[in-house]
Each structure stands twice: as structure tokens, then as C-alpha cells.
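Asks: Required output: the full structure, derived from the provided sequences and hints.
Line by line, the protein sequences give chains A and B. Residue numbers for the first sequence follow this note's numbering, beginning at 1 and rising by one. Residue numbers for the second sequence follow this note's numbering, beginning at 1 and rising by one.
Since the hints were made in silico from the structure, they are not lab data.
Sample of chain B residues facing chain A (criterion: CB under 10 Å; computed from the structure):
| # | residue |
| --- | --- |
| 1 | Val35 |
| 2 | Gln36 |
| 3 | Ile85 |
| 4 | Lys92 |
| 5 | Met108 |
| 6 | Phe229 |
| 7 | Val232 |
| 8 | Phe237 |
| 9 | Leu265 |
Far from chain A by the CB rule (all over 12 Å, computed), these chain B residues:
| # | residue |
| --- | --- |
| 10 | Gly137 |
| 11 | Leu153 |
| 12 | Leu167 |
| 13 | Lys169 |
All residues carry an ideal CB built from backbone N, CA and C; glycine is no exception.
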Amino acid sequence: MSDPALAQPWSNRRTMLLSRWICYVIATLLIIVLPLIFNDTYWRTNLTICAINVLLAIGLDFILGYAGQLNLGHSAFYGLGAYVSTLLIVKLGVPFWMAFVCAIIFAGLAGIFLSLFAVRLRGHYLAIASLGFAVIVHQILLNWISLTQGPLGIYGIAPPPSLVIAGVVIADFRNLTAFFYLVSGFTFLSFLLLKQLVCSPIGGTLTAIREDEVSAASLGINAAAWKVFAFGVGAAVAGAAGCFYASFVGTLVPDAFFVSESFNILAMVIVGGMGTLVGPVFGAILLTLLPEVLRGIGDLRLVVYGAALTFVVLFMPGGLAQAARVVLARLGLGSHS
Amino acid sequence: MTATIVFQQAINGVVLGSLYVLVALGLTLIYGVLVQINFAHADFVTLGAFAAYFFMHLVAASYILSIGVAFLVGAALGWLINASIFTPLRHKGNELLPLIATIGVSVMMQNLMLAWFGPIPYAFETQYSGQVIRFAGIFVSWQNVIIIAVSSLTIALLYAFMKFTFLGKALRAVSQDRETAGLMGINPNRLIMLTFVIASALAGMGGAMLAPVLVLTPFAGTSVIVKAFAIVIIGGFGNVEGTILAGLIVGLIESFTTQFLDPGLIDIVVFALLLLMLAIRPTGLVSERREENV
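Replies: Here it is as C-alpha cells:
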């Protein structure tokens, strides 16, 4: 797919940029207002989980939607981020934010390790290799009991320390609203960063590799290096999500990072519309809230979830992003991101 | 003493391995003709196991017959998933979509089974589990004898079908080159359906025979399928001989890891082997001309 921005005249590009900034302002306002509207613990918790899942989904979309690498190992990066930060804090007494940075770096390195397979493998082979990677990481977390306490899990993980400037407490992260602002703020910044990346020539390079690796290579693109880059960035984002998850939930068990979590994140990307970045944001929000909304029907809620996923693929393969584009075109608003 | 243990574990490994082969062969056959992965294959294994269980408890207490029932249930599911998911998506030209759709189907099936059968593991006892043959210090239950007999017979029949019958040859032709096979007057759509039915029937009967070994819950198939994926890759995707060899190797690794290391390490050893294999020889044990993925 060609970037519509390049095909359109200059004035149209300016309108597009303007509408994009309007969207960002609306998103910021929503982030600020939402926890004030939903002022009970249950919904504030869900909102924060939504923000964490959005972070996971946009990271995977960068690898899958833009670089076209079929990665089923995202749960491993997520889990590594969570366990590395928690173990550094609990066992070594490392300050939270330093552990946060370490989690990001470690997950990024894990992504680079997996990308070394992606350099040689394609399509389904990569899917199974990354699935295998996720299984190994889950099993290590489960079996290295002296380090991770295995299936018993790690309990009582502290939230990030309060933000104190000149003796004044700016934000106390034991407060759910403050935690939500922290995570969604970081998620928003990550989104902007990834958006900048995919709108820059790097995005075009990655898309070229996704569409046809041989042609891309013939244009002088070093596909291997860019795959390493895409995996590194996407995995690092997942590492940050893992660190937030651990300090938010306060409990870590390996089963939170089973391969099915990779499938969940993948579903968010697909339902949202992969390769659009904004689609997976809505995909993540929808698929996080859907099982909660369906709690009333008990055991059948995940049946509906599975059915929804199947139906989206069968009848709306471009996901919510495609549906939105169709609706906007009908309304005569044209396409904008 | 050690020699006895080694021999005993070798037998256990072959029993387990031959069941993994049944499940993995289905994946490999589907991959061969369609270059697609069916994630719901895991749930065909589980549903086959439950079908056998309920047949034995509600209809007739014959284990052999219940394996046949599981075979039929699997075949029906294979027909259903091909007709509802793979056929409509074949012309969309995106290799990812059917894979995601089958993940959705898998989530749906697992939770339907959870709603019907509950999370508590079922104890799958057959009249053959307790009957043991002793031979030079080695124990083999009749259950295991049946598993080896039925699975090797099935694998031999499948192999003969692929090698000697017209349909089998057509199937291999489609898996080598779908367009050319179509030009030769073979209807690929009917063969793809046939492949799905055979593959899923194998998964169902594999489930019926795995049930006494596994902890039978709605999620039982997942642990098997993850290993089956490893087997398919180690053997070389789409390659029948390679899959059989790799399945037996993984079965043996599992039983020896349980004996000499730690049962918790099984998946780590198997998947480390998988990643090593992909790093060194991505075409699998028995390589075929299938360059597009490697």
C-alpha cells in the first residue's frame, strides 16, 4: 500500500497533518477525562490494563504490520520485561525507574536475539520459531524456581515510587488514577514515537521488506539489519509494558505470559487492523473491554470473544481501521490516518 | 538395572512419539497441500479425547470402538473447519488470515468445552490400563500395545495411501505444485477437503489414545499441539517421513528427560532442539524443495 500522503497534493497533506493533531488533542483529553468519569476501582483497573495492552499491541504491530514479521513470541518479551524489572527491584533493590530501563533494554535484546532467526526464516517457519521461543521463556520462568519462585509466583510487588519534586508529592502511584495517567502517558508517547518512525523513510523501508524482500534488497535495503531493528523496538516496547504490568498488578505468575497471551495480543492487532498503528489501539481497547462487558454471560464470554475474532477475519479482514475508512469514505470525509 | 531403565523409557518414548506423529502428520499434510497452519488442530485432539471418553461411559465400554468414534468426530471437524474458514479465505491471498481465524476458532472451542465439561480433569481409565505384560524386568501395559499397534497401522495405511493409490498420488501432486496439478485435471479443492478430513481424523484418534496419558481438560490439546509444531518443523514442514522420524525423536527425548533430568525441562529441551534445528538446518531432517520459507 502506498502512503496516501505522498500521492496527494500539498494542501491535502496539510489538512491531514492538522486532522492528525486534532486527533492527538482529543486523545489527550480522553486520557485525562476517562478516569474521572469512571470513578470506581473496577473500571479504573480496566482502563490501566487497556493502556498496557495498547502498548503491547502497537509494539507487535510495528514488527508484524510494518516489517511483516510473523511474531508469535510477543508474550515472551512481555514476560521478560515483567520478571527482569521485578527481580531487579525485589532481589537487588534497584530503584524502580532504573529497573524499568533495564527491562526495556533486556526485552529489546531478547527481540534482537529472536530477530536473528527472522533473518533466515519467513512466514510460518518464523511463526513456529517465535512460538517456540515463547514456550521456552514461559517454561524457564516456571522451572527456575530459585529465581522466579515458579508457579507460586512473586507477591507484593510495590508500585512505582511517588513523584516528588521539591518536597511536594506530585503523583502518588498507589492511586489508580495516577497510575493510569503514568501508563497511558507512556503509551501515548510510545505511539507518537512509533508513528514518527513509520511516517519517516524507515517506515517505507520496513513496508518494502514486508511487501517484497527480494525487490527491497535489490534497491540496496539491508533487510536483515532492519528486521533486527523492528524486533528490537517492538520487543523493547513490550518490555516496558511488562514492567508496568508487574508493578500495577503486584503479583507475577508465569502463566500470565503463556503463549496464549501472544495470541491475545495478535488478535488485538488483527481486529484493529494491522499496519495502521491507530487500528491496534482500538483493537486492544475493544478486546480488553469486551470480555469484561460480557462477564454477565459467564463461561460463554470467551466463546463470544473467539467468535468475534473469527468473524472479523472472515468478513472484515482489514479490521476496525478498514471499517472506519469505509465509513469515512461514505461520509465523504476521505481517508486520513 | 540401567539398561532396563533405558529400555523401559525407550518403549515409553516410542508410545508417546507415535501419538505425537499422528497429531503432527495432520499438520504436515495440511501444510503440504495448502501451506497453512491450523491452530484449532489442538482442539480436535481434545475433542477426540472427550468423544472417546463419553462414548465409553455413555454408549459402549469398548476402547477400540471409542478410538473409531474419535476418528469420525475428528473427520467431521476437519470438514467443518475447511468449509467454514479455509475455503472462504483461500482467495484473499493473505497467509496470516486463516491462521488468526483458526486461533479464534480454537479459543471458541476451548471455552465451549470448558462450559460443557468443566475445568476438573477427567480420569480416562480403560480396561487395558491395568493389564501389564512383564518381560525381562520391563513393563508394557496392553494400553501401550494397542497404542503402538493402532498408530503404526494407521501410519502404514496412510503411507501406502500416499504412495500407491491414485488419490494419494494426486494429493502429493497438489502439494508439490497446485497449479500444474490443476492443469493435469486434478481438482485441488476436493483434494484439499480430503486432506483436511484425513488430517483432522488423525488428530481425533490421536486424542482418544492420548487421553489416558494426558490430564484430560478442555486445554489438554494445547500442550500436545505445541510439541506437534516443533515436530513438524524439525522433520521439515510438509514432509511425511521427516515428521515420523522427528515425532519418535521427540517422544524419546520426552521420556528420557523425565527419567534422567526433570519433567519440567521437557518443553525447554524440545524447543531448544527446534531453535537449533532452525538455526543450522532450517529445511528439517528430511529436506524437500520448499525454498520459499527458508
